Amino acid sequence: MGVLRYVAKRIGLYLAVLFIGLTITFMLPRLMPINPVDGYIGQLQSRANGTLTSEAIAEMRTNLEQLYGLNGNVFTQYVSYLKRVVVDFDFGPSFTYYPQPVSAMILNALPWTLGLLLTATFIAWVLGNMVGLVAGYFHKKRAASILEFLGILLYPIPYYILAITLLLLLAYIFPVFPLSPTFPVGQMTPEKLGMIFYNSLLPGITLVLAGFGWNILSMKALAVATTEEPYVTYARLKGASNWTRMMRYVFRNALLPQVTALALSLGMVFNGALLTEMIFSYPGIGLIMRTAATGGDYNVLYGAITLSIIAVATAGLVIDLIYPLLDPRIRHK
Amino acid sequence: MARLGRSFVATLLLGSLMTTTAFAQGAMSDVGTPRSETLIVQTFDGRSANPTAQNPLNSYAIWRGFRELGWGYLWEMDTATGESYPEMADGFPEVLNEENTQFRIKIRPGITWSDGQPFTTDDIIYSLDTAFKYREQLTNVASVTVYLKSYKKIDDLTFEVETVNPSFDLTTRLGVYTWGTPFNWVPKHIFEPLGDEVVSFQNAPPVTLGPYKVKEFDPNGFWQLWELREDWEKSSWGNLGTPKPKYILYKDFGTEETRALAFVQNQYDIDSFMSPDSIDAAKARNPAIETFSATFPYHDMNDACSYGVYINQQRAPYDMEEVRWALALSLNLSQVGISAMSGQFKAAALPLPDTPITNSIFYEANLQALKDLTIGDGYKPFDAEFSNTLVESLKTQGIDPALLPTGEAIQEGFGAGWWKHDPAEAEKLLASVGIEKGADGFYAMPDGSPWVIEFVIPGDWNKVLQRLGFSIADSWRQAGFNVNARQVDNGEYTTVQNTNARNELQINWSNTCVYNSNWLGNWNQFRESNIKPADSNDPLSGNYARITDPEVLALVDEGSRLPLDDPKFVENGQKIAMEIAQDMQIINLMNIPTTIPTNSTYWTNYPKQDNFYAAPYTWWSSFKKTVVSIEPTGQQ
Chain P
1 MGVLRYVAKR
11 IGLYLAVLFI
21 GLTITFMLPR
31 LMPINPVDGY
41 IGQLQSRANG
51 TLTSEAIAEM
61 RTNLEQLYGL
71 NGNVFTQYVS
81 YLKRVVVDFD
91 FGPSFTYYPQ
101 PVSAMILNAL
111 PWTLGLLLTA
121 TFIAWVLGNM
131 VGLVAGYFHK
141 KRAASILEFL
151 GILLYPIPYY
161 ILAITLLLLL
171 AYIFPVFPLS
181 PTFPVGQMTP
191 EKLGMIFYNS
201 LLPGITLVLA
211 GFGWNILSMK
221 ALAVATTEEP
231 YVTYARLKGA
241 SNWTRMMRYV
251 FRNALLPQVT
261 ALALSLGMVF
271 NGALLTEMIF
281 SYPGIGLIMR
291 TAATGGDYNV
301 LYGAITLSII
311 AVATAGLVID
321 LIYPLLDPRI
331 RHK
Chain B
1 MARLGRSFVA
11 TLLLGSLMTT
21 TAFAQGAMSD
31 VGTPRSETLI
41 VQTFDGRSAN
51 PTAQNPLNSY
61 AIWRGFRELG
71 WGYLWEMDTA
81 TGESYPEMAD
91 GFPEVLNEEN
101 TQFRIKIRPG
111 ITWSDGQPFT
121 TDDIIYSLDT
131 AFKYREQLTN
141 VASVTVYLKS
151 YKKIDDLTFE
161 VETVNPSFDL
171 TTRLGVYTWG
181 TPFNWVPKHI
191 FEPLGDEVVS
201 FQNAPPVTLG
211 PYKVKEFDPN
221 GFWQLWELRE
231 DWEKSSWGNL
241 GTPKPKYILY
251 KDFGTEETRA
261 LAFVQNQYDI
271 DSFMSPDSID
281 AAKARNPAIE
291 TFSATFPYHD
301 MNDACSYGVY
311 INQQRAPYDM
321 EEVRWALALS
331 LNLSQVGISA
341 MSGQFKAAAL
351 PLPDTPITNS
361 IFYEANLQAL
371 KDLTIGDGYK
381 PFDAEFSNTL
391 VESLKTQGID
401 PALLPTGEAI
411 QEGFGAGWWK
421 HDPAEAEKLL
431 ASVGIEKGAD
441 GFYAMPDGSP
451 WVIEFVIPGD
461 WNKVLQRLGF
471 SIADSWRQAG
481 FNVNARQVDN
491 GEYTTVQNTN
501 ARNELQINWS
511 NTCVYNSNWL
521 GNWNQFRESN
531 IKPADSNDPL
541 SGNYARITDP
551 EVLALVDEGS
561 RLPLDDPKFV
571 ENGQKIAMEI
581 AQDMQIINLM
591 NIPTTIPTNS
601 TYWTNYPKQD
611 NFYAAPYTWW
621 SSFKKTVVSI
631 EPTGQQ
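Chains P and B supply the protein sequences, listed in that same order. Heads up, the first sequence is in this note's numbering, so the first residue is 1 and it goes up one at a time. Heads up, the second sequence is in this note's numbering, so the first residue is 1 and it goes up one at a time.
A couple of the hints might just be wrong.
[Unchecked claim] DSS-like, lysine-lysine: derived pairs with alpha carbons at most 30 Å apart:
hint, chain 1, residue 1, chain 2, residue 2
1, P, LYS192, B, LYS215
2, B, LYS246, P, LYS192
3, B, LYS234, B, LYS246
4, B, LYS283, B, LYS246
[Said to hold, decoys possible] Interface residues of chain P toward chain B, partial, derived using beta-carbon atoms under 7 Å:
hint, residue
5, TYR98
6, LEU169
7, TYR172
8, ALA240
9, SER281
What the hints contain is simulated information worked out from the structure, not anything from laboratory work. Model, not experiment: these values are computed from the prediction. The C-beta atom is built at its ideal place from N, Cα and C for all residues, glycine as well.
Using the sequences provided together with the hints, build the complete structure.
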């Protein structure tokens with residue numbers, strides 16, 4: 001009964017977070033000092049070199065307000081938005097790229113973002129935690145200081161600087177990777193998949209290095225503290241080997257905050273990696289969100305932010321649900 | 001594990017070989033075409049978020065080659081002379097009535113779509129029918145639905161149209177004015193079977209009219225590859241000359257840093273908007289990289305628009321001519337241009353660019369009037385020696401005199417003149433309307449309350465204007481104006497531009513676009529109907545310069561009823577330019593400087609200052625002139 005109550009409470013909280021998130025998502029773009037209709041007309045004017053007459057602009061404005069669903073009061077728009085998103089999971093057309101459906105834009109971009117960022121985040125997490133664990137457990141040894149130095153060295157480097165440095169080094173001075181990759185199109189073949197993998201390596205390595213440092217430092221701090229715990233001393237006195245103490249006593253106990261951090265960072269992956277996309281010419285959702293934010297493309301913002309909210313909230317829910325499995329203290333509570 | 005390691009290394013080697021050999025040896029482009037047959041161009045709009053949207057009846061199928069290579073126009077514009085010429089039309093339109101509302105248009109016989117189907121008036125009539133039928137759902141058809149009253153087919157190669165109002169600019173309304181046209185023709189045989197689905201039809205890949213067809217495009221929006229049609233001579237501009245590249249690749253090479261590096265590595269041939277600093281760095285590493293001009297200013301100054309400070313004259317204190325003039329005379333354009341543009345700019349005092357085409361029409365005609373102009377108590381504000389003084393300043397800044405123009409070339413390079421920098425005269429003008437400096441050293445309103453100028457400028461999305469804006473604000477602050485230079489994203493920029501209640505001063509270009517003697521296309525927005533109350537929150541549909549001067553409005557109205565080749569029409573344009581300048585309704589600054597560096601490793605004979613056969617822009621429809629004029633170098 002206790003477990004059911006625990007699960008029900010967490011799911012209730014999850015749904016409440018989603019509802020509040022969706023409502024805030026609806027309101028936020030409307031607070032921006034941008035009119036999406038003007039943005040669209042501005043683009044057309046620029047392309048037509050002012051030969052769009054005032055009459056044509058006025059006609060377009062009327063039609064676009066209708067097509068964008070911006071007629072009616074805010075409450076009517078809110079109800080229609082909730083119905084569309086919750087019942088149909090449909091975010092409508094993009095304003096900036098009308099009539100392209102938002103779902104198609106996001107579905108096209110998301111696999112690239114997820115493929116690169118999930119993998120890089122996970123690798124950075126595993127490697128960083130392993131290095132941090134060793135550095136923390138053997139913190140009195142010189143080798144541990146070197147590993148910690150690696151973390152301290154990498155962590156504060158701004159991502160942009162790190163990315164440009166690697167790009168310069170590995171794509172220009174030693175041109176192992178392309179400066180501006182061209183991803184193959186059409187029917188996938190093993191060779192094309194190989195090219196996609198190869199083109200993704202440089203941004204992947206950069207993301208791993210960027211995420212690596214924090215994981216080292218964080219895990220090292222946790223491991224140092226845990227190593228001093230009485231139960232670890234007791235295990236040593238009991239004759240447990242270094243490996244056993246490190247993995248079973250220190251690592252397992254230091255892992256919990258790191259799992260939380262991993263789950264939250266996986267959730268944040270849905271926000272895309274705008275800088276990665278821009279610097280490495282990598283496809284993904286970041287640029288779409290940026291264009292939407294600057295152009296007042298409400299529907300794209302709804303789609304991307306809603307996915308992000310669902311991802312972060314779901315990650316939180318999953319952590320809540322698996323915590324009892326990882327930590328007996330919670331289970332027994 | 002060892003096998004995994006070997007696979008990883010093999011992938012790395014294969015990938016790096018495919019990349020580096022392709023570029024280092026110049027054998028193949030990275031889309032698998034022979035590099036020596038491929039012209040590679042940096043895209044104008046960067047990466048596209050919806051590359052599958054290729055239906056010109058909706059808005060997006062413009063960039064990445066559509067306008068230049070894909071679509072066809074009844075009349076195109078020769079951007080070297082500013083003259084229109086028939087492209088798919090067989091001659092110019094025949095006027096059928098005295099009111100100039102009815103026209104007969106003939107199509108050049110023998111033009112076919114890229115799938116071999118003939119282009120006929122059925123396509124024209126279908127395109128117009130569709131535009132009218134779905135005018136509330138298609139987003140790129142309003143330009144014809146408000147312009148045309150009726151149309152009809154006469155035969156397969158002849159049709160007639162009737163315009164709503166008398167029209168003397170049909171060739172640029174149904175054809176190209178400067179860089180493009182707002183309406184494109186679509187193939188009836190592809191679109192008609194779709195019925196109502198036409199409003200959401202993506203049209204990818206499209207059937208096109210130009211000599212190139214889409215071979216492949218990246219669904220992620222980074223690149224689009226065009227291939228020359230085998231029957232290109234039957235295309236919309238097959239009569240212009242032989243297109244030289246077999247393939248044209250539009251690609252976004254990423255950030256400025258990666259673009260500069262890729263340019264040095266000869267990965268592409270023409271860039272757009274690379275910063276002068278990056279161009280200098282690239283030139284130093286690769287002698288094949290060239291700027292538009294061999295002498296200062298190095299970059300192209302022939303854009304159809306000019307940058308200016310647009311003033312909301314409907315709001316106090318900017319409704320006073322003295323205040324507007326004080327702002328102009330306090331702006332040290334020479335200093336602004338040197339600090340923000342490294343001196344690479346061409347000043348333009350009238351509200352339009354000063355180009356080889358517009359100079360003789362507008363600038364020469366008004367030069368004496370500018371010199372004779374007096375304001376206030378007889379002060380002459382025009383500085384005809386502006387360019388000469390600028391050149392001397394540049395010399396003192398350390399620019400090699402051998403790189404600077406001399407004689408007449410000085411004014412050709414830096415403009416016919418600008419306003420004097422005279423903060424003392426500005427102070428006198430302001431004092432005459434009760435505006436004086438307060439204890440804080442800044443000018444205060446006549447009632448003594450603080451005066452903070454809200455000056456809206458673009459953020460990172462237009463770095464040239466951003467730099468220019470900050471520099472102007474600095475110049476004004478030095479003269480005693482308290483300026484809040486607020487940088488905004490492009491969405492908010494447009495909203496501020498369109499909304500009276502939110503607009504005070506804005507750096508802008510949208511109402512200072514005149515490419516030739518036809519000023520009507522842009523200045524036709526200066527109409528009574530485009531003026532809203534000063535505190536209005538309703539969006540404007542034009543006249544973002546907020547011209548309210550009755551004399552200008554009358555000249556525009558009269559001009560709209562005159563033939564474009566009527567001397568009176570041209571005269572009205574000259575008067576409008578002078579009237580706006582003498583009342584300082586817009587502080588026009590300079591021609592839009594555009595950096596178009598080229599790489600002559602694979603192709604030569606690009607348009608340059610001393611070889612100006614067309615505007616050098618790869619995103620204007622006139623790029624077709626470049627495509628038929630460039631020559632391969634033979635580099636493999």
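Against the structure, the hints come out as follows:
{"no.": "1", "hint": "P:LYS192 x B:LYS215", "result": "18 Å, holds"}
{"no.": "2", "hint": "B:LYS246 x P:LYS192", "result": "24 Å, holds"}
{"no.": "3", "hint": "B:LYS234 x B:LYS246", "result": "16 Å, holds"}
{"no.": "4", "hint": "B:LYS283 x B:LYS246", "result": "27 Å, holds"}
{"no.": "5", "hint": "TYR98", "result": "6 Å, holds"}
{"no.": "6", "hint": "LEU169", "result": "12 Å, violated"}
{"no.": "7", "hint": "TYR172", "result": "5 Å, holds"}
{"no.": "8", "hint": "ALA240", "result": "29 Å, violated"}
{"no.": "9", "hint": "SER281", "result": "4 Å, holds"}
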